[in-house]
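Residue numbers (this note's numbering), protein chains in the order written: chain A, 420 to 586; chain B, 126 to 290.
No wet-lab data here; the hints were simulated from the structure. Check the hints yourself; a few may be wrong.
Said to hold, decoys possible - For the chain B half of the interface with chain A, some residues (derived, Cβ under 7 Å), not all of them: (1) L163; (2) Q224; (3) T226; (4) Y230; (5) D231; (6) R243; (7) V246; (8) R249; (9) T251; (10) T263; (11) E265; (12) L288; (13) K289.
Said to hold, decoys possible - Taking lysine to aspartate or glutamate pairs in the DMTMM-like style, the calculated list, with each CA pair at most 25 Å apart, reads: (14) B:K289 - A:E517; (15) B:K253 - A:E489; (16) B:K289 - A:D474; (17) B:K192 - A:E489; (18) B:K290 - A:D474; (19) B:K289 - A:D494; (20) B:K158 - B:E258; (21) B:K253 - B:E276; (22) B:K272 - A:D494; (23) B:K157 - B:E261.
All values reported here derive from a predicted model rather than from experimental measurement. Cβ atoms here follow ideal geometry from the backbone N, Cα and C, with glycine treated the same way.
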Amino acid sequence: MSVPTKILHQFFFPSLTLGFLIRTGTVALSAYLFFGYMCIPFWVRGASMEPTYMDGQFNFCWRGWYFFSEPKRYDVVTVRFAGTKVMLLKRVVALEGEQVEFRNGKLFVDGGELEEPYIRFPGNWNLPVRQVARGCVYVVGDHRGMPMETHYFGQASKGRIMGGPVW
Amino acid sequence: MVKGRLILSSFIVIAGLSAVVHLYPSEEKKIKKQFSLLAKWISVEQNENVFTIAYKMKSLGDLFTDKVNLKIPDYNLSGGYSRSDIISYTGRARLPFSQFTLQFYDFQIAFPDSETARVTVTGRITGKWLQGEGLEETRELEWILKKVGKEWLFREMEVAEVLKK
């Protein structure tokens, strides 16, 4: 057997040595831990974050964003339900203690209109003033053109924020 | 020869363990099975006939205790319901759909006592109205199941408030 053929054969049909099994196990375990808990792959489903994130796009949720810091206004975050298999992708628009209100589609925080350059589909939402509770942030999707009743938004506990998209 | 015997005995051990796991499922597995049946009986497939619907609704009723407590504010469902209430409500709720599926993810199962299970789970519904529009909703659900005989039956369900408008 020539050298290149031997290398190819060894690559596709490796000898099951202890070293090989340990290397394979380490790579598999590292990949499981990294992509299962630290950098979770996900597909965007639905239009609530359009046009920033389009339906069908692929991304990763990086858990490390909020290990040493708190979510800030304008951050796009993932909010978990019972676990991380299905999560919400939303934008933080108000922080704890702030007052939030929608008037004719404009978002007001503590009485002042919030600049939202990412909005491409404005709507005419109206929502009376409410205060964001302690330990929570207020999250909304970027697509305000859809009816308010069908858009899932509101205040979320910080404990439910799992991280944010990598890009 | 020794290698062959080693592989064969490993295969026998793995097959034996799989058989034990399959034949004597854990309580968690039994509970997950109930959820998969719930999803199966609630689902709406295209061109279902009357007999299929009747069978599904009867089977659905068998998954619940005689009295069920529900707290689903979005759909104005709160309070105690009988098994027949659940069947008739579900039957009516399925009518406007040409397709409907329910899926569960991320089970967290706890046993406060040997006959009660508390399950927190993500429920996701996807469907298509008869008019053709799509429906997609995800919620966190908190269920209480009661063990009656050898079966786990649904007794309580509450929709958790993940985002509060």
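Evaluation of the provided hints:
no.: 1; hint: L163; in the structure: 16 Å, violated
no.: 2; hint: Q224; in the structure: 16 Å, violated
no.: 3; hint: T226; in the structure: 14 Å, violated
no.: 4; hint: Y230; in the structure: 4 Å, holds
no.: 5; hint: D231; in the structure: 3 Å, holds
no.: 6; hint: R243; in the structure: 12 Å, violated
no.: 7; hint: V246; in the structure: 5 Å, holds
no.: 8; hint: R249; in the structure: 6 Å, holds
no.: 9; hint: T251; in the structure: 9 Å, violated
no.: 10; hint: T263; in the structure: 5 Å, holds
no.: 11; hint: E265; in the structure: 4 Å, holds
no.: 12; hint: L288; in the structure: 4 Å, holds
no.: 13; hint: K289; in the structure: 5 Å, holds
no.: 14; hint: B:K289 - A:E517; in the structure: 15 Å, holds
no.: 15; hint: B:K253 - A:E489; in the structure: 39 Å, violated
no.: 16; hint: B:K289 - A:D474; in the structure: 24 Å, holds
no.: 17; hint: B:K192 - A:E489; in the structure: 44 Å, violated
no.: 18; hint: B:K290 - A:D474; in the structure: 23 Å, holds
no.: 19; hint: B:K289 - A:D494; in the structure: 19 Å, holds
no.: 20; hint: B:K158 - B:E258; in the structure: 31 Å, violated
no.: 21; hint: B:K253 - B:E276; in the structure: 33 Å, violated
no.: 22; hint: B:K272 - A:D494; in the structure: 45 Å, violated
no.: 23; hint: B:K157 - B:E261; in the structure: 22 Å, holds
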